[in-house]
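Number of protein chains: 2
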Amino acid sequence: MYPLLQGLSVIEASSFVASPTAGLYCAQFGAEVIRVDQIGGGPDFRRWPVTGENDSLYWENLNRGKKSVALDLSSPQGRELLQELVRATGQFITNFPVGGFLSHETLSQGRADLITVRVMGWADGAPALDYTVNNAVGYPMMTGPGPEPVNHVLPAWDLLSGAYAAFALLAAIQRRSVSGEGGEVRIPLSDVAIGTVANLGGIAEVLYSGENRPRLGNAVYGLFGRDFVTADGQRTMIVVVTPRQWSNLIAALGLEGPVAAVEAERGVSFAKDDGLRYDHRDALFPLFEAAIGARSHADLAAALDAGGIVHSAYRTMLDAARDPRLVGDNPMFSAFDANPSGFAYPAAGPFGTVPQLERGAPQAAPRNGQHSEQVLAERLNLSSGEIARLIDTGIVGTPS
Amino acid sequence: MYPLLQGLSVIEASSFVASPTAGLYCAQFGAEVIRVDQIGGGPDFRRWPVTGENDSLYWENLNRGKKSVALDLSSPQGRELLQELVRATGQFITNFPVGGFLSHETLSQGRADLITVRVMGWADGAPALDYTVNNAVGYPMMTGPGPEPVNHVLPAWDLLSGAYAAFALLAAIQRRSVSGEGGEVRIPLSDVAIGTVANLGGIAEVLYSGENRPRLGNAVYGLFGRDFVTADGQRTMIVVVTPRQWSNLIAALGLEGPVAAVEAERGVSFAKDDGLRYDHRDALFPLFEAAIGARSHADLAAALDAGGIVHSAYRTMLDAARDPRLVGDNPMFSAFDANPSGFAYPAAGPFGTVPQLERGAPQAAPRNGQHSEQVLAERLNLSSGEIARLIDTGIVGTPS
Chain B
5 MYPLLQGLSV IEASSFVASP TAGLYCAQFG AEVIRVDQIG GGPDFRRWPV
55 TGENDSLYWE NLNRGKKSVA LDLSSPQGRE LLQELVRATG QFITNFPVGG
105 FLSHETLSQG RADLITVRVM GWADGAPALD YTVNNAVGYP MMTGPGPEPV
155 NHVLPAWDLL SGAYAAFALL AAIQRRSVSG EGGEVRIPLS DVAIGTVANL
205 GGIAEVLYSG ENRPRLGNAV YGLFGRDFVT ADGQRTMIVV VTPRQWSNLI
255 AALGLEGPVA AVEAERGVSF AKDDGLRYDH RDALFPLFEA AIGARSHADL
305 AAALDAGGIV HSAYRTMLDA ARDPRLVGDN PMFSAFDANP SGFAYPAAGP
355 FGTVPQLERG APQAAPRNGQ HSEQVLAERL NLSSGEIARL IDTGIVGTPS
Chain G
5 MYPLLQGLSV IEASSFVASP TAGLYCAQFG AEVIRVDQIG GGPDFRRWPV
55 TGENDSLYWE NLNRGKKSVA LDLSSPQGRE LLQELVRATG QFITNFPVGG
105 FLSHETLSQG RADLITVRVM GWADGAPALD YTVNNAVGYP MMTGPGPEPV
155 NHVLPAWDLL SGAYAAFALL AAIQRRSVSG EGGEVRIPLS DVAIGTVANL
205 GGIAEVLYSG ENRPRLGNAV YGLFGRDFVT ADGQRTMIVV VTPRQWSNLI
255 AALGLEGPVA AVEAERGVSF AKDDGLRYDH RDALFPLFEA AIGARSHADL
305 AAALDAGGIV HSAYRTMLDA ARDPRLVGDN PMFSAFDANP SGFAYPAAGP
355 FGTVPQLERG APQAAPRNGQ HSEQVLAERL NLSSGEIARL IDTGIVGTPS
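Protein chains in written order, with this note's numbering: chain B, 5 to 404; chain G, 5 to 404.
Since the hints were derived computationally from the structure, they do not count as laboratory data. Every clue listed holds true.
It does not matter which identical chain is meant; a pair holds if it fits inside one copy or across any two.
Computed list of lysine to any residue pairs in SDA-like fashion (alpha-carbon distance at most 20 Å, straight line):
1) K276 - W52
2) K276 - P47
3) K276 - V54
4) K276 - D59
5) K71 - R371
6) K276 - G45
7) K71 - G94
8) K71 - D48
9) K276 - D48
10) K71 - P47
11) K71 - R83
12) K71 - D59
13) K276 - L77
14) K71 - Q378
15) K276 - R50
16) K276 - F49
All chains, please: the whole structure from these sequences, using the hints.
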């Protein structure tokens with residue numbers, strides 16, 4: 005935790021990945037993020053992976069450092085309490101439907117300067133998920149060795165939408181600080197996906213060429229990069245992005261002569277041109293496969309490191325979780341045993357490191373309704389008697 | 005373009021995807037983003053996809069709406085000019101090395117409240133790229149039907165790091181507006197990747213179970229979701245996340261009886277439990293394969309839409325680029341013919357839609373050095389004579 009956003013409070017009414025990560029990133033930078041859920045948990049409260057006791061390891065990591073208010077959102081009174089919390093706070097992150105009781109139009113009545121950031125499926129309000137926008141924009145047809153499409157496992161569009169939502173929230177706050185005006189920023193997953201295709205040149209590329217990029221397996225488009233297997237069977241990714249890395253790589257592998265022979269035969273120079281190294285990969289890859297296949301991974305890694313060449317071994321997630329550089333010795337992680345699940349494991353702080361500030365410890369996710377009483381008292385000035393009545397009538401939930 | 009960040013100026017010295025997208029998102033929200041590059045273009049200036057004239061369709065989309073200053077960054081004087089531009093502006097996005105002439109320590113001498121956001125490879129300064137952190141954290145070993153690892157094609161870690169960098173910039177500005185203090189936020193790709201594994205519960209999952217998640221092909225972990233093929237051969241992704249979607253899906257496919265038979269045989273109820281639908285996918289998937297395989301895609305899509313069930317057909321990127329809903333009729337896109345490449349195609353604006361504001365038109369990427377004279381005059385108060393001398397001596401570049 006770094007206190008960059010200290011003093012900012014946000015109401016989050018959301019589920020799954022995209023809008024919860026927006027709240028998480030804000031909380032990790034010191035904002036007060038109050039997540040409001042259905043009593044007993046929203047649709048993502050038991051999302052897998054879960055423990056043997058059905059506690060979600062997913063939920064308890066996506067909601068670290070947030071406060072939890074539990075309301076009966078199927079009742080008019082519960083819905084009103086959420087609306088009032090949003091109005092009293094002034095900043096709102098959600099993936100609730102654009103037109104329902106959490107529409108910006110409804111919420112901004114009584115809070116004209118409200119800022120709402122809403123992650124959506126399609127821009128027109130139709131439902132979509134990471135896994136459906138991904139195949140709508142074409143990536144699975146380009147992924148893997150073919151011929152079948154391959155879905156990504158990483159929910160990349162959710163994650164990008166979440167980080168962009170956190171950015172959009174602060175951008176809208178920046179504007180309000182100048183103009184006094186609030187407003188809504190709608191972020192449809194479908195626009196994030198097709199907009200990213202456009203930003204990376206993909207729309208231009210396919211319309212220019214009139215055809216789809218070929219499948220490349222594990223090779224990288226437009227430069228020299230691919231997975232290779234060492235003599236001791238370690239698959240390793242190697243990617244070259246600078247002239248120095250290229251010359252160091254062929255020197256490290258003793259391939260100066262064979263590469264020069266390809267250059268002479270084809271009348272090209274690979275020294276400074278990513279595209280040529282890609283175009284002539286049919287001639288280059290076999291040379292590198294043989295040279296790398298004759299070395300142990302330890303020898304290869306040492307030679308590549310000495311040459312500043314970017315490489316990394318393929319690992320499983322369990323290997324990664326046990327890796328000192330990635331987790332054990334990484335200051336972004338701290339040993340942590342205060343998780344709602346009761347399971348102890350390294351907890352992550354924010355991705356960003358601020359050398360000028362002390363890194364605060366990671367925090368626990370709340371139990372459902374853990375902060376209901378505190379938040380209703382502080383934000384809505386409800387008396388303890390009023391809150392007790394709301395709990396008794398099942399409108400407000402607290403941990404059992 | 006929406007003017008949320010009007011009045012904010014940022015210097016960007018960067019290349020490839022991550023830090024250029026941070027600048028792009030700021031520019032699309034109205035910030036003045038001044039990209040400073042080597043004269044003739046940085047290492048990403050000819051990155052594929054390129055046109056027949058070797059103009060990068062990638063570069064001209066990742067840098068829309070930015071200004072370009074071209075300097076000879078191999079000369080001490082060029083480097084000093086970049087340092088002075090950063091100090092004069094006060095906000096800096098970069099992926100240059102942490103310890104070089106663009107270190108925050110060096111730059112903040114003379115500009116104590118400077119904010120630097122730096123995208124890095126590893127946190128310790130060692131080089132890494134999207135494609136190498138991805139296999140270091142385990143995703144390719146979980147992707148595809150197996151047994152070989154499958155790299156993603158989408159540069160997901162770069163994209164997430166870029167959006168997070170834009171967020172971190174505004175968070176640091178927010179803190180400075182309160183405290184007066186600047187500082188650096190370092191965002192290593194490796195921490196974004198392993199931190200995301202942690203945020204999604206992956207670290208906890210593998211340490212809890214002691215094993216890796218099995219490969220699932222195109223199925224989604226922990227809920228009912230997979231690709232199916234219709235009678236007319238259209239592969240379609242279907243994902244169920246709510247009880248209502250589940251009951252509507254089995255009704256739409258006439259599977260109430262067969263699903264009830266599985267429930268009776270196995271002693272479970274699928275009505276409200278994502279995890280059970282996933283656990284018993286061996287019994288469920290064949291029922292759905294047969295029911296979907298007996299219908300045309302048009303019939304299936306109509307039935308799913310009527311039930312609010314999330315689905316989408318697999319398409320190629322060319323199909324996506326020609327799709328009216330995604331591009332042609334999507335207000336995020338505008339027809340655009342002022343690209344440096346000379347090729348005309350739909351250009352994307354920001355992912356976020358602000359209903360309260362008018363959407364400005366997308367803008368062109370600059371030519372290398374297009375704004376050198378303007379920016380040096382405005383930001384560093386150089387006279388036209390001084391600028392002319394810098395151009396003559398090759399320290400400053402302008403479009404040829």
